[in-house]
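Chains H and D, in that order, give the protein sequences. Heads up: the first sequence runs through residues 1 to 392, numbered per the numbering used here. Heads up: the second sequence runs through residues 393 to 784, numbered per the numbering used here.
Hints are not guaranteed to be accurate.
Below, a list of computed lysine-lysine pairs in the DSS-like style, where the Cα atoms sit at most 25 Å apart [to be verified]:
1. H:LYS51 - H:LYS34
2. H:LYS60 - D:LYS728
3. D:LYS451 - H:LYS346
4. D:LYS443 - H:LYS346
5. D:LYS738 - H:LYS59
Quick caveat, the hints were computed from the structure, so don't treat them as lab data.
There are 2 protein chains.
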Amino acid sequence: MRLCGEIEVRDREETLINLDPIQSGGRLTADAMKAVIAYGDGYSVCDACGKPFRLDHIKKPPLDAFHRDLAAFVNMDVARVVPGARRGFQAVTHTLVEPGQPVVLTALSHYTAFLAVESAGGVPREIPADGDHRITGEAAAATLEAVTREFGSAPPLLMVDHFDYQFGNEHQVREIAKAARQYDVPVLYNGAYSVGILPVDGKALGVDFVVGSGHKSMAAPAPSGILATTGEYAGEVFRTTGIRGDRTGRTFGVKEVEMMGCTLMGATVMGLLASFPHVRERVTRWEPELENARLVSDALASIEGTTILSEVPRNHTLTRTDTTGSFDGVARRHKKKGYFLTSALKDRGIGGLFPGATRVWKYNTYGLTRRQAEHVASAFREIARENSIAVR
Amino acid sequence: MRLCGEIEVRDREETLINLDPIQSGGRLTADAMKAVIAYGDGYSVCDACGKPFRLDHIKKPPLDAFHRDLAAFVNMDVARVVPGARRGFQAVTHTLVEPGQPVVLTALSHYTAFLAVESAGGVPREIPADGDHRITGEAAAATLEAVTREFGSAPPLLMVDHFDYQFGNEHQVREIAKAARQYDVPVLYNGAYSVGILPVDGKALGVDFVVGSGHKSMAAPAPSGILATTGEYAGEVFRTTGIRGDRTGRTFGVKEVEMMGCTLMGATVMGLLASFPHVRERVTRWEPELENARLVSDALASIEGTTILSEVPRNHTLTRTDTTGSFDGVARRHKKKGYFLTSALKDRGIGGLFPGATRVWKYNTYGLTRRQAEHVASAFREIARENSIAVR
Numbered sequence: 001m002r003l004c005g006e007i008e009v010r011d012r013e014e015t016l017i018n019l020d021p022i023q024s025g026g027r028l029t030a031d032a033m034k035a036v037i038a039y040g041d042g043y044s045v046c047d048a049c050g051k052p053f054r055l056d057h058i059k060k061p062p063l064d065a066f067h068r069d070l071a072a073f074v075n076m077d078v079a080r081v082v083p084g085a086r087r088g089f090q091a092v093t094h095t096l097v098e099p100g101q102p103v104v105l106t107a108l109s110h111y112t113a114f115l116a117v118e119s120a121g122g123v124p125r126e127i128p129a130d131g132d133h134r135i136t137g138e139a140a141a142a143t144l145e146a147v148t149r150e151f152g153s154a155p156p157l158l159m160v161d162h163f164d165y166q167f168g169n170e171h172q173v174r175e176i177a178k179a180a181r182q183y184d185v186p187v188l189y190n191g192a193y194s195v196g197i198l199p200v201d202g203k204a205l206g207v208d209f210v211v212g213s214g215h216k217s218m219a220a221p222a223p224s225g226i227l228a229t230t231g232e233y234a235g236e237v238f239r240t241t242g243i244r245g246d247r248t249g250r251t252f253g254v255k256e257v258e259m260m261g262c263t264l265m266g267a268t269v270m271g272l273l274a275s276f277p278h279v280r281e282r283v284t285r286w287e288p289e290l291e292n293a294r295l296v297s298d299a300l301a302s303i304e305g306t307t308i309l310s311e312v313p314r315n316h317t318l319t320r321t322d323t324t325g326s327f328d329g330v331a332r333r334h335k336k337k338g339y340f341l342t343s344a345l346k347d348r349g350i351g352g353l354f355p356g357a358t359r360v361w362k363y364n365t366y367g368l369t370r371r372q373a374e375h376v377a378s379a380f381r382e383i384a385r386e387n388s389i390a391v392r
Numbered sequence: 393m394r395l396c397g398e399i400e401v402r403d404r405e406e407t408l409i410n411l412d413p414i415q416s417g418g419r420l421t422a423d424a425m426k427a428v429i430a431y432g433d434g435y436s437v438c439d440a441c442g443k444p445f446r447l448d449h450i451k452k453p454p455l456d457a458f459h460r461d462l463a464a465f466v467n468m469d470v471a472r473v474v475p476g477a478r479r480g481f482q483a484v485t486h487t488l489v490e491p492g493q494p495v496v497l498t499a500l501s502h503y504t505a506f507l508a509v510e511s512a513g514g515v516p517r518e519i520p521a522d523g524d525h526r527i528t529g530e531a532a533a534a535t536l537e538a539v540t541r542e543f544g545s546a547p548p549l550l551m552v553d554h555f556d557y558q559f560g561n562e563h564q565v566r567e568i569a570k571a572a573r574q575y576d577v578p579v580l581y582n583g584a585y586s587v588g589i590l591p592v593d594g595k596a597l598g599v600d601f602v603v604g605s606g607h608k609s610m611a612a613p614a615p616s617g618i619l620a621t622t623g624e625y626a627g628e629v630f631r632t633t634g635i636r637g638d639r640t641g642r643t644f645g646v647k648e649v650e651m652m653g654c655t656l657m658g659a660t661v662m663g664l665l666a667s668f669p670h671v672r673e674r675v676t677r678w679e680p681e682l683e684n685a686r687l688v689s690d691a692l693a694s695i696e697g698t699t700i701l702s703e704v705p706r707n708h709t710l711t712r713t714d715t716t717g718s719f720d721g722v723a724r725r726h727k728k729k730g731y732f733l734t735s736a737l738k739d740r741g742i743g744g745l746f747p748g749a750t751r752v753w754k755y756n757t758y759g760l761t762r763r764q765a766e767h768v769a770s771a772f773r774e775i776a777r778e779n780s781i782a783v784r
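Using the sequences plus the hints, can you model the full thing?
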């Protein structure tokens, strides 16, 4: 169906069970959809903006309270909305990192963390993953020690994902933060795959910055996200402007430099806001999500020649699997080649996998009902059997 | 009407003629509204993202062609979508400006231009406005000369608004760019109040960067905007990542550092895209917009004690007026105080002015029909007469 011009209506979420690795946590709630319709216009939230003219002070819609709620949600002191988690990373690296200084991140860090380091002129130093693709506190301590020796002083920042984008594995954030504290290194917690889908307590983890993604895990339109921090660092990362016009003497009030003033003035922040009560509630239902994830990963693992590359049992709904020894064998003799798998899944109402992938690929079961998860699990087994692959 | 929770439905655009200074150019078109509904979910445009995995390469929806269309629209060579004009400024200052270097902007530059300079560590030097609040080529040349002497070398960047946010006055961009060229200084054109509402030709103006705002002037949701540049500067401001994981050896392909990879992955870019055919057409209808603007500014000027502070005749729909000698006199004796004016306008179906403002205030007539503009003009005259102010 044509939406307008050459744009097709998007119906992936309406017509298929979507296993896309990055989309499921960002599906809008019904309330977010209503908010996006009512507040779609550009500067829609600025109707009642008054002194001191900053997004987080607007009372109608209740963005001021929302900012406080966001901070409390991740148990930090101060929060701001940002145009995506990556802009949260950027605000922090630009605040703390001088050109030439090292930043510790991990062998599984997302590319946007690297870009944030690069844009600040920092030098990346990765904490290696262990044999199970996990980042440990021990490895963090060793890397911090090595980097401190290499550069003659401790790095100004360590960035760690709670769950990484490659395997969806859980990393030892608490232990890593403890190690960082011994070197007096502030820690940025990348919650792109956690904030909004499972409970996150920044203080309990001992981190200094919590970053979340609206479009990845908070049921909001892109680009959106949050950056939360402690009272200690809020004054730095949310410092207000100090620049002054040399001719006019103009100054610019309480605008925050790293935020570039206001950030999300319409549909994006309203999507976050309207979804928030649902998001706050859904994080308490992480266990059933994990049960669904395990149901599907168990089904895949039961197919001969298939390996779950992520940690098992699954602690996240994002999973990486290797079907080189199973579905890829079929692909090599099938007339549809690699597309046989996506095609067979589509026949069963399942979509969102990378088209043609039959070797190493990722999927995400987040948001599936139990029945949908069972259907997906059965579908993988069925497709294996139909193609003469043994299922245990 | 309640949307959900404590969020009210926004109906300003449905129930009133909206004169808000910053909102009119960002009202969604009907097609943008449809696109926002169909593509509201987080990473909605990533359904068919394939190698090399970058927003401007996506073919379905046709974002690749859209990026080329955007560049052509402002007659530049390369364009990217960004999370608001301010993020376009930031990308340019972070590319060209070293800490301590001067950046020439103007006595009427927007605060976000200053923040972009501040975040890069630059030192602002303002081109003064003339007595009519206009920035001339002559003043630019004098400032460039003075700054070059002060710092011992030419500044790395000059930023100028085509129309400023304070008066909506038109500035001598072509002459300013000519002066900059003599000092070999690249020019950033801030088209937040032009790109999307009137024709803009970057090459003809002789500028190096064209920045536009989606939510201010391109009928798109916030935050959105464009940054376009020449072939000469595209390689710098859109440089691809060169960072490398020290342990894993990972590199990050064609991701662009200043863009932080992809920028607008859903509702925002789809709003821009769906509105684009309408935006491209509406810029050719700038003359009738100016006629409406002049109709209203003439009406205000006909009210005794009222001054149009912007240049007259109006060359933009954004106008600054001083009613200290007219409506403010009423406010001082009226039981509703300053709110009498917004209240009287509201009774006539007109809204969007800063509540309580009766001295110096701004309004924008963009997008009004002729009949609406006539109604607004009459309303101001009527309110004056009703309050015993002479109307010429």
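>> Taking the earlier hints as the rules, which of them does this structure contradict?
In response: Result: hint 1 breaks, nothing else.
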